[in-house]
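Chemist: Let's have the full structure, built from the sequences with the hints guiding it.
Residue numbers (my numbering), protein chains in the order written: chain V, 6 to 321; chain R, 6 to 321.
Hints were generated in silico from the structure; no laboratory data involved. Ideal Cβ positions, reconstructed from N, Cα and C, are used throughout, including at glycine. Take the hints with a grain of salt, since some may be wrong.
Not close to chain R: a few residues of chain V, all C-beta gaps over 10 Å, as computed [stated by the list, open to error]: (1) Met6; (2) Ala27; (3) Arg245.
Partial list, computed: chain V residues near chain R (C-beta under 10 Å) [what the hints assert, rightly or not]: (4) Tyr20; (5) His28; (6) Ser29; (7) Arg32; (8) Ser97; (9) Arg101; (10) Val106; (11) Leu117; (12) Pro120.
Protein chains: 2
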Amino acid sequence: MFLTVTLNAALDITYRVPRLRAHSTHRVQEVDERPGGKGVNVARVLAALGKDVTVTGFAGGATGAALRNLLAADQRERPNHARLTDAFVPISGTTRRTVAVVDASSGDTTQLNEPGPAISPAEWQAFTTAYAGLLPRTTAVALCGSLPPGVPVGAYAELVRAARAADVPVLLDTSGEALRRGIAARPDLVKPNGDELAQLTGVTVPLRAARDARRRGAAAVVASLGAEGLLAATADGAWRAAPPQTIAGNPTGAGDSAVAGLLSGLADGLDWPARLSRAVALSAATVAAPAAGEFDPSTYAAVLDRVEVAPQPHAA
Amino acid sequence: MFLTVTLNAALDITYRVPRLRAHSTHRVQEVDERPGGKGVNVARVLAALGKDVTVTGFAGGATGAALRNLLAADQRERPNHARLTDAFVPISGTTRRTVAVVDASSGDTTQLNEPGPAISPAEWQAFTTAYAGLLPRTTAVALCGSLPPGVPVGAYAELVRAARAADVPVLLDTSGEALRRGIAARPDLVKPNGDELAQLTGVTVPLRAARDARRRGAAAVVASLGAEGLLAATADGAWRAAPPQTIAGNPTGAGDSAVAGLLSGLADGLDWPARLSRAVALSAATVAAPAAGEFDPSTYAAVLDRVEVAPQPHAA
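Modeler: Laid out in structure tokens, this is it:
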């Protein structure tokens with residue numbers, strides 16, 4: 006099975022309003038609630054691809070219960086998906102919400118993200134024990150998203166080392182100091198976006214920055230560059246992979262779908278160009294889907310064999 | 006005991022952000038959750054004034070459970086308040102949230118109100134039965150706020166008639182068609198704000214509009230006019246009541262505190278000028294309180310005997 010870790014999971018709420026005007030009162034027309042957090046998104050795409058997956062991290066309070074109920078309901082409603090197993094570790098705090106306010110007049114989104122619950126040392130200890138117990142059955146693990154308050158900033162470094170000790174391929178998708186510390190523990194793959202990569206390395210040219218990030222400890226770096234697709238720097242070479250045309254839609258969750266593509270491609274033994282094609286096609290299919298974070302299977306099928314993968318020059 | 010009805014109760018969430026910018030992403034600095042809905046606010050003020058009160062209406066889902074837990078926690082934490090009894094009727098739907106986003110740079114608030122759960126005919130029937138069972142023990146009842154989807158638009162008219170049949174004084178605080186229908190059932194008191202009164206009557210001069218609203222069926226009309234205080238039109242005369250000076254602060258809940266003042270003053274046998282003074286002082290103390298919807302006891306005490314109550318001319 007695959008394993009995704011979401012330490013700061015969320016209940017994602019979307020409000021649709023006719024027009025958002027700061028400092029006034031709005032009647033919300035539509036309310037949507039989904040299980041959220043990057044690792045949860047990755048797991049849902051893996052399950053849709055037919056991969057059994059376990060989600061772990063922290064969940065607590067009324068919003069944590071709502072998140073878990075939505076995951077279970079999703080499983081019941083999608084019998085053709087692979088099994089998604091809930092292995093969240095309970096906490097005394099309350100899982101955060103994110104609120105996305107969609108302005109129907111422009112399609113623009115205003116995002117409000119709660120900080121997340123405080124995690125106690127005992128809860129962090131309970132998590133690392135549960136994680137160690139899951140690793141022996143794990144094909145590959147993705148460590149995703151921000152750290153909630155109370156989790157040590159070196160948390161991802163610890164989780165990367167545990168995966169490597171158990172011989173489980175490990176992908177890290179986070180930012181800031183958590184990425185800086187985590188990458189030093191030598192994960193198999195990191196997937197920053199362009200801003201995160203520049204912040205990590207201080208280098209603004211993506212290919213140079215990706216190579217710099219490899220030197221910091223990642224065996225491979227795949228940077229997600231929005232509409233320009235993916236840029237990979239690996240031991241086997243470097244590639245750019247882009248969709249055949251710009252895809253219109255909502256980019257929320259496109260990076261998480263790329264992670265699912267990379268992780269499943271690794272486990273399926275695909276070479277780098279095929280892994281990158283899968284990741285780009287899943288990202289495009291997520292942008293094209295009407296609901297944020299879903300992916301559109303027909304776009305996936307249509308884009309998959311038309312992704313343009315271009316080798317990049319060897320490092321100077 | 007007093008009874009307040011909140012058919013569209015809410016979990017009120019407040020987010021504080023450094024500066025709200027439409028179409029960008031915000032990390033929320035502070036999250037506050039409170040039991041919400043106008044009748045719930047009225048009940049909390051009545052309990053703080055030493056009046057036993059029962060809250061009813063509909064509650065359901067994770068947010069309904071959170072609302073009820075917060076009400077219970079509030080009772081435990083405030084042993085000097087009178088008893089607040091939870092008599093919400095459970096529903097299969099989920100209690101709505103309201104989200105207030107406070108911009109710390111300006112103090113301005115952007116409000117997002119969910120529409121509320123759909124109420125089934127069986128749930129409405131269960132409510133009217135529960136309400137009828139509570140009336141014989143009720144000193145006075147306040148019917149407050151909007152109607153959730155599925156509740157008949159004539160709901161308040163039905164609840165007003167039931168209260169009158171049980172000889173229980175009834176106050177109605179709502180707007181639009183629910184107010185128009187409810188007022189025709191002859192409540193003892195309606196408390197619109199200036200806009201609601203103008204919308205009901207088509208008359209923009211408040212005193213004329215209040216008298217027009219009496220002709221539509223209300224035995225008395227008290228309009229809340231923001232910083233200008235209250236305007237009352239009753240069988241015993243008409244008055245304006247205003248605080249001695251403008252009170253700075255957050256007006257959220259000021260109208261609900263006025264309702265609590267009017268209801269408790271009626272039950273205590275106060276004459277109209279004394280009732281209006283109490284209502285104005287409670288409103289001012291609510292505006293002055295640091296947390297929205299709370300009231301500041303020292304402001305209440307300081308303002309109470311300095312409210313200016315001026316008789317208004319007889320109708321032409």
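Chemist: Indicate, hint by hint, whether the structure satisfies it.
Modeler: Each hint tested on the structure:
1. Remark: the non-interface label on Met6 of chain V is consistent with the geometry, its nearest Cβ contact in chain R lying 29 Å away (cut-off 10 Å).
2. Some Cβ of chain R comes within 10 Å of the Cβ of Ala27 of chain V; the nearest lies about 5 Å off, and the non-interface call is violated.
3. At the 10 Å boundary, the C-beta of Arg245 of chain V stays outside the reach of chain R, the nearest C-beta of that chain being 27 Å off.
4. Of the supplied interface hints, the one on Tyr20 of chain V holds, with its beta-carbon coming within about 6 Å of a beta-carbon of chain R, less than 10 Å.
5. For the restraint placing His28 of chain V at the interface with chain R, the shortest Cβ-Cβ distance is roughly 4 Å, inside the 10 Å limit, so the hint holds.
6. Hint status for Ser29 of chain V: holds, given a least beta-carbon distance of 7 Å to chain R, under 10 Å.
7. At about 6 Å, the closest approach between the beta carbon of Arg32 of chain V and any beta carbon in chain R falls short of 10 Å, and the interface hint on this residue holds.
8. Residue-level restraint check for Ser97 of chain V is violated (minimum Cβ-Cβ distance to chain R is 14 Å; threshold 10 Å).
9. Look at Arg101 of chain V: its Cβ gets to within about 8 Å of chain R, closer than 10 Å, so that hint holds up.
10. For Val106 of chain V, the interface hint holds, the least distance from its beta-carbon to any beta-carbon of chain R being 7 Å, beneath 10 Å.
11. A distance limit of 10 Å between C-beta atoms decides the matter here; for Leu117 of chain V the minimum to chain R is near 5 Å, and the interface restraint holds.
12. For Pro120 of chain V, the suggested interface contact is upheld, since its CB lies about 6 Å from the closest CB of chain R, less than 10 Å.
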